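Asks: Kindly produce the complete structure, drawing on both the sequences and the hints.
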Amino acid sequence: MRYRPALNLALLILIASLIGNVRADDAGAQDARTPVKRVIVQMIDGTWETRTLAGPNRTIAAMRANDPEIVSVAPPRTYRQFASTTPNDPAYSLQWHMQRNEAVRSWQHGDGSGVVVAVVDSGVDPVSDLACQSYVSPADFIGGQSGVPSDTNGHGTFVTQVIAECTNNGIYGAGTAPGSSIMPLRVLDSGGSTSNWQLFDALFWALDHGADIVNLSLGFPCVSTYPSCSEPPLDYALETLKANGVVVVAASGNDGGQFVSYPANHPSVIAVGASGYDGAVATYSTKGAGLHLVAPTGDENDPFQKTGVIHQGSFGGLELARGTSFSAPQVSAAYAVLLSAGASLGQATSAILQTAKDVAPRGYDTTTGYGELRIRQALAWGGAGITPPIEDALLHVVGDATGDGRDDAITYDGAFGRWWVLTSNGSSLTARQWTRYSTVSGWSTHVTGDFTGDVRLDLASFHSGNGTWWVSRSTGSAFSTTLWADFSTSTGWGPQLVGDFNGDGRDDIANYHASNGTWWVSRSTGSGFATALWADFSTASGWKTHLVGDFNGDGRDDLASYHPSNGTWWISRSTGTGFVTTLWADFSTASGWQTHLVGDFNGDSRDDIANFHSGNGTWWVSKSTGSAFSTSLWADFTTPKGWAPQLVGDFNGDSRDDIANYHSSNGSWWVSKSTGSSLTTYLKGYVSPRTGLQGQLAVDVDGDGSDELANWSPTTHTWIVK
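So the sequence shown is residues 1 to 722, counted in the working numbering.
Not one of these hints is a red herring.
In silico PhoX-like cross-links for lysine-lysine, where the CA-CA straight-line distance does not exceed 20 Å:
#	residue 1	residue 2
1	Lys673	Lys684
2	Lys641	Lys684
3	Lys673	Lys722
4	Lys722	Lys684
Pair by pair, the computed Cβ-Cβ distance ranges are:
#	residue 1	residue 2	range
5	Lys544	Ser224	49 to 55 Å
6	Gly256	Leu483	39 to 45 Å
7	Thr638	Gly279	41 to 47 Å
8	Gln433	Cys132	35 to 41 Å
9	Ser444	Thr539	22 to 28 Å
10	Gly256	Ser190	23 to 29 Å
11	Leu53	Thr638	30 to 36 Å
12	Gly503	Ser224	55 to 61 Å
13	Ser477	Gly592	42 to 48 Å
14	Gly476	Thr675	35 to 41 Å
15	Ser565	Leu633	22 to 28 Å
16	Ala54	Gly191	56 to 62 Å
For the record, the hints were derived by calculation from the structure and aren't laboratory data. Just so you know, these numbers come straight off a predicted model, no measurement behind them. All C-beta atoms, glycine included, are put in the ideal place defined by N, C-alpha and C.
Replies: Okay, structure coming up:
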């Protein structure tokens, strides 16, 4: 027999207001757009672009005459829809929250069909725009009425509309997941209150009758965090639902305070706050620990006067409402969309949180959680399993993490503290999460290297809060993270560089302390770091660049340090137990050098340094003789500006390093191929999209000894390999 606590508890209904009789013509005028005439043109480099027919380019002929790089214009063609992309519901144009959460763009993949959402609320009225619903296992825990429980408050009807209002039927508005089935469970009376035992029974009813998702647009306010603010019987019910694969989504509250309401604050529940039309958190939205994300429902302080979401309400006409009560059902509907598209519950949760649009402050915070709901983005990731759109990525690196001889792309998601490895099968990259840190803040340095000597790339992360090094050792399919070193001081370190400084086949870390000009090497033992002083510079200031390379070819990595005040390169040559620092080069000028890259550019097994002069667009290679640098001009570009990044790699497989130069103005890659004594530069090609690429890597994805170029596009959320 289930436990029924005797204590009655007035539950706060999370609804701010219902305002009737919205004039569709007035609101729609605010969203009017003036159409423009566009054509699709092919450029001389083979890429396609859209151009607007206007001004001096009013006709296609004029446009082609004014731009000689246009080689052709795509002929007009008529396409007919396979699935409606814009509902024919007349009030859809007023449903700004639907356009923001991107639900409609997801329906061709999943509209909630086959998914049951239990709406634990005040019941539901038989309004015309819910006539399409065949309710599943309805129940009334207030008055015990049979059949679909009527709504004496209006709240439950509106929440149901947000999730599954009849869509494409030519009346009123559209629902977020219109194909989903609703299980209406009445627990709120006409005044919007219920008791804990009524809610307890409703939760188990949802479990026993096949609900996939439970929506709770209700709760009571807290003045402390969970578990101080909680209800043990309901905790048991919520934990049982989660254990049985049912996700519970709850509204965070409308008091604008700093403690998420219960039960939204429970660890088993997805807590949802509200955002306004301006994208910022709504003033009334309750914040605090445990908040997962926000969804757009409006704010009375919005400068655009978009003060709520619009659906048909209990009274028959269009109604406007705001409050976290109407944010939560958008997230419940997002789960329905993803589950109907084939995502697992775990994938759906990860996708919804990973793809939420970040809202200030950056990264996770207790004001907006992971950000504002984006259903189409979540579907693209969780349903299809492609690489996540990591807008907060702090780092893109490359290396063979699996040990199969092919390079992989490795990305750190700073907002979530997660490392993603995009493993190569020789022709494509497949993304999987390999580890998640217990804390997302405090990391100042992330470096990669083979710290165990097993020919698989590992990660090392430095925590500046306590001066510790944590190594995430690759198992071939995941990272296992453990503490490897604890420095006596946590501040003053930079840079921190990876190299095999003692030549034992395991990578080590050289840590520079700028306050006193000392180098401390954390030598890998295979399971930890042993840190000792290796060098003390005569001066601590003035050093601009420090690079790692085997400059004398003895199998041990050394350090190269550039002093821009006099244009000198100093090499700290490793003896295996320390560094011996000597002058290797003195440039004729100390200024104007923009880029310094290490590589074996002449193929003699000794590393050299290529220096780019941004004042005149020239590459000067400082070729190692084993004890000094011999510097000469290797290339002269026609333009000195706009190059970034510039990467080292062997792009033709001849065992000599080359340089790839990216020009962000047009998305072009130019490769400066080494002949052994000079660089021959040619156009490798263009990347589409041409602009906005954030991560560019030189990577041997097919393991053939010749590097390719991988480009991360945050716009399309894809890696483009050229």
